[in-house]
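S.K.: Let's have the full structure, built from the sequences with the hints guiding it.
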Amino acid sequence: MRRPTSWAEALSVRAAAPDLLPIAGGTDVMVELNFDRRRPPGLLDLTRVPELATWTVFDGTVELGAGVTYAQVVADLGDLLPGLATASRTVGSPQIRNRGTVGGNLGSASPAGDAHPPLLAAGAVVELESVHGRRSVPVSEFFIGVKRSVLEPDELIRSVRVPCATGPEQFSKVGTRNAMVIAVASFALRVDPGRRRVGTGIGSAAPTPRTAPEAETFLAREIEAADAWASRDPLPAPVVRRFAELVAAAASPIDDVRGSASYRRHALTVMATRTLGWAWDEYRQGVPA
Amino acid sequence: MKVTCMVNGEERVADGVWAGESLLYVLRERLGLPGSKNACEQGECGSCTVYLDGLPVCSCLVAAGQAEGRVVVTVEGLSEGERLHPVQEAFVAAGAVQCGFCTPGLVVAAHDLLERDPDPSEADIREALAGNLCRCTGYEKIIEAVHVAARRRLPEGRREVG
Ligand SMILES: Cc1cc2nc3c(=O)[nH]c(=O)nc-3n(C[C@H](O)[C@H](O)[C@H](O)COP(=O)(O)OP(=O)(O)OC[C@H]3O[C@@H](n4cnc5c(N)ncnc54)[C@H](O)[C@@H]3O)c2cc1C
Ligand code: FES
Ligand code: FES
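Chains as they are written, first to last, in this note's numbering: chain R, 215 to 503; chain C, 95 to 256.
Among the hints, erroneous ones may be present.
Here are the computed distance ranges between Cβ atoms for each label pair [stated by the list, open to error]:
id, chain 1, residue 1, chain 2, residue 2, range
1, R, PRO255, C, GLU105, 26 to 34 angstroms
2, R, SER445, C, ASP147, 45 to 53 angstroms
3, R, ARG410, C, THR98, 54 to 62 angstroms
4, C, ASP147, R, GLY359, 30 to 38 angstroms
5, R, VAL471, C, CYS193, 50 to 58 angstroms
6, C, SER215, R, HIS346, 48 to 56 angstroms
7, R, VAL484, C, ASP147, 35 to 43 angstroms
8, C, GLU234, R, ARG362, 39 to 47 angstroms
9, R, GLU223, C, MET100, 23 to 31 angstroms
Footprint (simulated), chain R over chain C, 3 or more residues, beta carbon under 8 angstroms [as the list claims (entries may be wrong)]:
id, segment
10, 104–118
11, 128–140
12, 148–155
13, 158–171
14, 217–230
Hints are computed from structural coordinates only; laboratory data are not their basis.
Every residue, glycine too, gets a C-beta built ideally from N, C-alpha and C.
M.R.: The structure is reproduced here in structure tokens:
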């Protein structure tokens, strides 16, 4: 096991030994090792790299180190990133939230990863780095297939840059019970009066987490047309319905052991309707951003 | 690989550790601390819960090498010699132990909850113990045990009436 104690050292170990499996909280990696699904020649422990374990705010954007745990997000970022904090609260159990990290969620790139929908809805950008340099990849372009991302063998995830919320954010997840569930389908919504935009993120309903761009533009246009950013008037029911339809249409769900494709589509319609209802009510009541 | 860490207040060294080995394995098989139980090895049951640098975690999901230089407290570290910790006593008093397999993990999780919140609501207790499974008790007596432990810890004035 290699245990770098700085970011620069982590990158050079990664470059010299790309076969070593990076491990942060270990909540995905250790399950694979315990069940012999994977036998890497060794591990690259990232938990001693201080740069990864912190977050900062600059110019209206949170730069969230890849090694920040769900427990930290819940404790610290409820105001700046309410959607991510809500999603983090639903992850696993207290023990899992104390170890599991947002960077590890991205690294695993599971379509069911709970951090992904709120990061998509926020228009977040993943910062990747190797000894050769740094590149920024929008979360919407980060995932390329089931459990596959654009991460190269010599790269590590440094952080994810998330624009701060300027209005309500919601996250909703359907699962088979209340605690410790892998999402059957999930949905995140950002109502962003500051940027006059609407953000969406869909989980567990396509090979990769994805946004619903048509739903986003449709709703932002309707709000704009009705001058509702300023008036905060209720959204007409047909607008809400159309938004939900467009969200469900953006998914390409499959049948699997956790749920059928048609159930997932239906769940997305329900979640999109509800989250928009909650978020818009919150906006109307002027709950501070 | 050699791994050195503080376990229950003592510096302990484990030798010949494979890089992918779990902290749980090292505690049980190399350091002779079988209190933490091995059931699912996938983070689902919580029976392997220990404190790592003060936070309760599933030791089956910590690579042993990640514990190098860290502070680990297992259920064995909560009692004082033969004297049970008040949380353990409360589990006994409330009848929250049947086969006992889940108990060490639950005791650590409950201990952590009471350290953070000396007077938790039932919802808080259920949330804090959501990562610990029990096949035997149906949980009611476990919840009761945490209430008992909380009442025993609280100063008189703050105890709930009834
Ligand atoms: C019981 C249980 C319940 C769970 N519940 C949920 C849930 O409700 N929702 C959910 O989304 N997930 C859940 N998970 C999955 C897991 O906890 C999350 O995916 C978590 O975010 C993984 O983070 P980690 O730090 O533990 O990652 P690790 O296991 O350490 O790593 C995961 C992957 O990311 C890579 N990686 C980690 N950090 C970096 C980096 N900085 N750069 C490049 N690659 C990196 C690793 O190489 C590995 O491939 C659960 C897991 C368990 C065991
Ligand atoms: S053995 Fe670790 S959680 Fe079950
Ligand atoms: S007492 Fe048997 S598993 Fe809980």
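S.K.: With reference to the structure, classify each hint as holding or not holding.
M.R.: Consistency of the hints with the structure:
no.	hint	in the structure
1	R:PRO255 to C:GLU105: 26 to 34 angstroms	29 angstroms, holds
2	R:SER445 to C:ASP147: 45 to 53 angstroms	51 angstroms, holds
3	R:ARG410 to C:THR98: 54 to 62 angstroms	56 angstroms, holds
4	C:ASP147 to R:GLY359: 30 to 38 angstroms	36 angstroms, holds
5	R:VAL471 to C:CYS193: 50 to 58 angstroms	30 angstroms, violated
6	C:SER215 to R:HIS346: 48 to 56 angstroms	53 angstroms, holds
7	R:VAL484 to C:ASP147: 35 to 43 angstroms	41 angstroms, holds
8	C:GLU234 to R:ARG362: 39 to 47 angstroms	45 angstroms, holds
9	R:GLU223 to C:MET100: 23 to 31 angstroms	25 angstroms, holds
10	104–118	holds (count 3)
11	128–140	holds (count 5)
12	148–155	holds (count 6)
13	158–171	holds (count 3)
14	217–230	holds (count 5)
Comparing the model with each earlier hint shows a violation of hint 5 alone; every other hint is respected.
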